[in-house]
Every structure is written in C-alpha cells, then in structure tokens.
Amino acid sequence: MNYVFQFGDVWAAWPDLLWGCWLTIQLSAVSMVLGLLVAVLGALGKTMGPKPVRWVVDAYVEVIRNTPFLVQIFIIFFGLPRAGIMLTSNQAALLAMVVNVGAYATEIVRAGIESIGRGQIEAGLALGLRPLQVFRYVVLFPAISTVYPALSSQFILLMLNSSVVSTISAQELTATANDLQSRTFRSFEIYIVVTGIYLALSMLFSAAFGGIHRAVFARPGQR
Amino acid sequence: MRAFGIDEALFIIAAVRWTLLLSLLAFTGGGIVGLLIALARTAPPTWLRRTAAGYIQLFQGTPLLMQLFLVFFGANLFGANVAPITSAAIALTLNGAAFLGEIWRGCIQAIPNGQWEAATALGMRHLPRMRYVILPQAGKLAIAPTVGFLVLLLKSTSLASIIGFVEVTRAGQIINNVTFRPFLVFGIVAAIYFVLCWPLSLLSQRLEQRFGTVSR
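Keeping their order, the protein sequence lines are chains A and B.
At position 74 of the first sequence (counting the first as 1) the number is 74 in my numbering, and the numbers step up by one without a gap.
At position 203 of the second sequence (counting the first as 1) the number is 426 in my numbering, and the numbers step up by one without a gap.
This is chain A alone, in the form it adopts within the complex (with noise of 0.2 Å):
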C-alpha cells in the first residue's frame, strides 16, 4: 500500500464538522423528545383505547419495524410532496426519524406501563382520580423509569441512525463529511474523523441519559 493518509483537509475544515455535529445533536435531540411524545400516545391507545386504536397502534409500530429506515425517509421524501405535502430535506428527515423511533419507543414504553401492577391502578382509582390521571400520576411516570434503559439505548441507536438523512441530503454530521468528502476526496480520513465523532456523540448522549435519570427518576433518599 503506498497511500500517504493525509488529515490537513479535515482538520482544516473542523468549524464545518463542528456545526454539523451541533445538526446532528438537535435533530437527534428533536426528534428524541417529540418521538416520546408519539411513545407516550400510542402507548396509552395501545393499552386503554378502544379497538380500533389498538389496531391503528399495533399496524403503525409493526409497519416501520418491519421495513428499513432508509426507505420510509424515501417515501417521506420523494412520496409526500407527490401527495401535496412540500417539505424540506430537514423537515422530512425529522418527520422521518420521528415516525420512526416513535414506533420502537411505543413498544418499549407499552412495556413499562404493563409492568405495572394492577393493584397500583386500582389504588389510583380507589382514590378518586380520573382514568387520565391515574395514568399521569400512578402509570406513567414508573413505567418509563422502568423502561429507561432501554428507552435511552433506543435513542443512541436514533442518534446513529440519523447519518442515514444525509441520502436526502437534509445537512447534519454525515452531510457535512459528505460535501467535504466531494471537495478533497480524502474519503477515508474524513470518514474514519467523523465515525470518531459519533462515538463522542453517542457517549456523550450516554452520559446525558444518565444524568436525566438521576434527576427525574431518583427516589428521596436515593439521591
């Protein structure tokens, strides 16, 4: 092998890499906190809602576990202006992503709130709140403590994943490395740089979970 690796252009180019990993942490970030949203919804049609929520809930969660990332951005992308609806590359990769982990998120925190006890429920109620409130008060909140794990894991695996909007060219981490890529054709340095990045990234975001559970979750006394 007589290629000389040469990292000048890419430490060059580190305010470009910098702003592109700040797009990478807002997207995952945005996409992290309205995907729990849709979690949370489902989770409460999957679980008390009437049938044919159920059915709704059950159909979108198998439907994106089911088929690739990449080709429910296309549909986002290149199908839904077809339909009328125009959206930027941002504004779909983040619809995508979205959708996406709000489907593993609605499996993982339905998890949680069946891992509640039925006598917890009953206490709620027995107490004289409302459905809704027992399910904010008495429900939720443990459930997700439970499942947080796994929920956080989920989130790091959408982090990562998020290099795959750069195919739709919408502009975070890998888009970056990708036009910076086209303008020196060190491919390689580049790429082996930024996948240094993501794994900051994806410890960075580790270490953030954990300090959100400590704390949200903490028990008095647990602190």
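Source of the hints: derived by calculation from the structure; they are not laboratory data.
Warning: the hint list may mix true and false statements.
Computed footprint of chain A on chain B; a stretch qualifies when at least three of its residues, placed anywhere within it, have a C-beta under 8 Å from a C-beta of chain A [stated by the list, open to error]:
| # | segment |
| --- | --- |
| 1 | 286-299 |
| 2 | 388-398 |
| 3 | 411-417 |
| 4 | 420-428 |
Partial list, computed: chain B residues near chain A (C-beta under 10 Å) [unchecked claim]:
| # | residue |
| --- | --- |
| 5 | 302 |
| 6 | 374 |
| 7 | 377 |
| 8 | 379 |
| 9 | 380 |
| 10 | 381 |
| 11 | 382 |
| 12 | 385 |
| 13 | 403 |
| 14 | 404 |
| 15 | 405 |
| 16 | 406 |
| 17 | 407 |
| 18 | 408 |
All C-beta atoms in this analysis are idealised placements derived from N, C-alpha and C, irrespective of residue type, glycine included.
Starting from the known structure of chain A, fit chain B onto it as the hints suggest.
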C-alpha cells in the same frame, strides 16, 4: 419517463435475491465472528473480556453507514478494486458480530451459576465447560433474539444501496428515477421488506414465549 408496468415491478422483485444473499453472507460472517466475540466477552482472562467489550462499544457506538463507508473507501485505498457487495458484506459482518456477540453474551451469562460450578466441580476446564455445559443451554435461549437480529440485519442491508449495491432499495431508486412514482415504487419496496421481516418478527415472539426462560 417510463410507465410503471410489470417489467418495472419484476426488476424490483428480482433484486430481492441480492438482499437475501447479502443478508446470508452477513449472517454467516457475523455469526462466526460474533460467537468469538461472545466467547471472548465471557472468557476468564480480563484482557480478552476488555478487548471484546471495546469491540462491541466501537461498533455499537458508531453508525453502520460510517462503518460501511470506511470499509468501502478503506478497501479501495489498499489498491484492491473491491466490489460493493464485498464491502457491504464485510461491514455488515463486523457490525453484526458486535450485535450478535452482545446478544449471545447475555444468553451465556443467563445460565445459572450452579451450572458453571457443577461443570468446574466435574473437573472441566473453561473450553470443555463452554462446549458441553454452557453453550448447549445458552443456544436455546439465543434462538429467539437471534431471529430478532435477522430482522435488523435484513433492514440494515438497505444501506448497501448507498455505496451502489443494487439490492431491493437501490432497485427501487433506479425504477423511481425513471417512472417518478415514489409512493408506488417505495411502497412496493417497503412491502417486500415487510413480507420478509414480519414473519421473522412473529416467529421471534413465539420462540421467546417457548424458549425464553432458563430451565432449572
């Protein structure tokens, strides 16, 4: 612009074999390397366990797309003119090995301590203990999550389209570029993946109910 007809549909459906072939290659490779990772992850020497844990962290902590790019561009740096399917198979093998290694480690560690101790008490060293006592029991536990991993793998092969390997997703892109029927084309592509993955997902759930618990 072309109309979407039977030929276009067949072009996409014919590409299913490449998706299946890539999945098969990656599953075989990932299975072999993954077993080594799982064994290293549960082996007595600390350095082996640490190395395996580092491998898993590295491949589960970075995007598959980046791994695919690194293998694709990296292999071509070494002068070899590597075909997209080879790059994709290598990247999916390395990535799949991390996932399978982590899944199987869990199965190995789920075997109750008494089994390990009994084997040791019978005078077995580490490898025979794994071979005759632990792995046969762990294998039963591993069936359901391994089928679940197959679903993940089948979906992951769609990323090979980005480096130009013509499997189902790439075939769909090609047809969409000439027919401009994105909903129809990618709907068919999605349906193909669904037909491949859904039975496996259901099977995995069934198997989990059947083999999911450790018999004591």
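Structure-based check of each hint:
| no. | hint | in the structure |
| --- | --- | --- |
| 1 | 286-299 | holds (count 9) |
| 2 | 388-398 | holds (count 3) |
| 3 | 411-417 | holds (count 4) |
| 4 | 420-428 | holds (count 3) |
| 5 | 302 | holds, 6 Å |
| 6 | 374 | holds, 7 Å |
| 7 | 377 | holds, 8 Å |
| 8 | 379 | holds, 7 Å |
| 9 | 380 | holds, 8 Å |
| 10 | 381 | holds, 4 Å |
| 11 | 382 | holds, 6 Å |
| 12 | 385 | holds, 6 Å |
| 13 | 403 | holds, 8 Å |
| 14 | 404 | holds, 8 Å |
| 15 | 405 | holds, 4 Å |
| 16 | 406 | holds, 4 Å |
| 17 | 407 | holds, 9 Å |
| 18 | 408 | holds, 9 Å |
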